[in-house]
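Novice: Sequence:
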Amino acid sequence: VGAMTGIVLLWALIITFFLLYSPFYLLGKIPMLFGRGAWVDRRELQFYVCCFLLLGLLVCLLVWDPRKALIAFTLVSGCGPVFWRYVV
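Be aware that the sequence shown starts at 702, since it is given in the working numbering, and climbs by one per residue.
Don't take every hint at face value.
Beta-carbon label-pair distances, calculated as ranges [stated by the list, open to error]: (1) I708 with L763: 21 to 27 Å; (2) L771 with I731: 27 to 33 Å; (3) L711 with Y787: 27 to 33 Å; (4) I772 with P732: 37 to 43 Å; (5) L734 with L776: 29 to 35 Å; (6) E745 with T717: 35 to 41 Å; (7) P724 with L771: 20 to 26 Å; (8) P732 with T706: 41 to 47 Å; (9) L771 with Y726: 32 to 38 Å; (10) D742 with L776: 26 to 32 Å.
The hints are simulated quantities; they were obtained by calculation from the structure and are not laboratory data.
Ideal placement from N, C-alpha and C gives every residue a C-beta, glycine not left out.
Between the sequences and the hints, there should be enough to build the whole structure, so can you do that?
Specialist: What follows is the structure, encoded as structure tokens:
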């Protein structure tokens, strides 16, 4: 049980980082999205857009029902490798 909790906590930290970093990443890429600047990798952009959408969904769920938001975040953290591999 202890090792599984550690794995879930590690994935929760990784997911939290990417969810909180995604708006800053997307703001930094705005000039590149409109044709100015360097090339943008489509899969990388898709990953951060999915992270941003998941962040928005979790925030809306947190406002609506904090318990369900915690359950949803725990499920996403528990299925971390499978879920994030699908997103990428």
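Novice: Would you mind marking each hint as holding or not holding in the structure?
Specialist: Here is how each hint holds up against the structure:
{"no.": "1", "hint": "I708 with L763: 21 to 27 Å", "in the structure": "holds (24 Å)"}
{"no.": "2", "hint": "L771 with I731: 27 to 33 Å", "in the structure": "holds (32 Å)"}
{"no.": "3", "hint": "L711 with Y787: 27 to 33 Å", "in the structure": "violated (19 Å)"}
{"no.": "4", "hint": "I772 with P732: 37 to 43 Å", "in the structure": "holds (38 Å)"}
{"no.": "5", "hint": "L734 with L776: 29 to 35 Å", "in the structure": "holds (31 Å)"}
{"no.": "6", "hint": "E745 with T717: 35 to 41 Å", "in the structure": "violated (19 Å)"}
{"no.": "7", "hint": "P724 with L771: 20 to 26 Å", "in the structure": "holds (21 Å)"}
{"no.": "8", "hint": "P732 with T706: 41 to 47 Å", "in the structure": "holds (42 Å)"}
{"no.": "9", "hint": "L771 with Y726: 32 to 38 Å", "in the structure": "violated (25 Å)"}
{"no.": "10", "hint": "D742 with L776: 26 to 32 Å", "in the structure": "holds (28 Å)"}
The earlier numbered hints that this structure contradicts are 3, 6 and 9.
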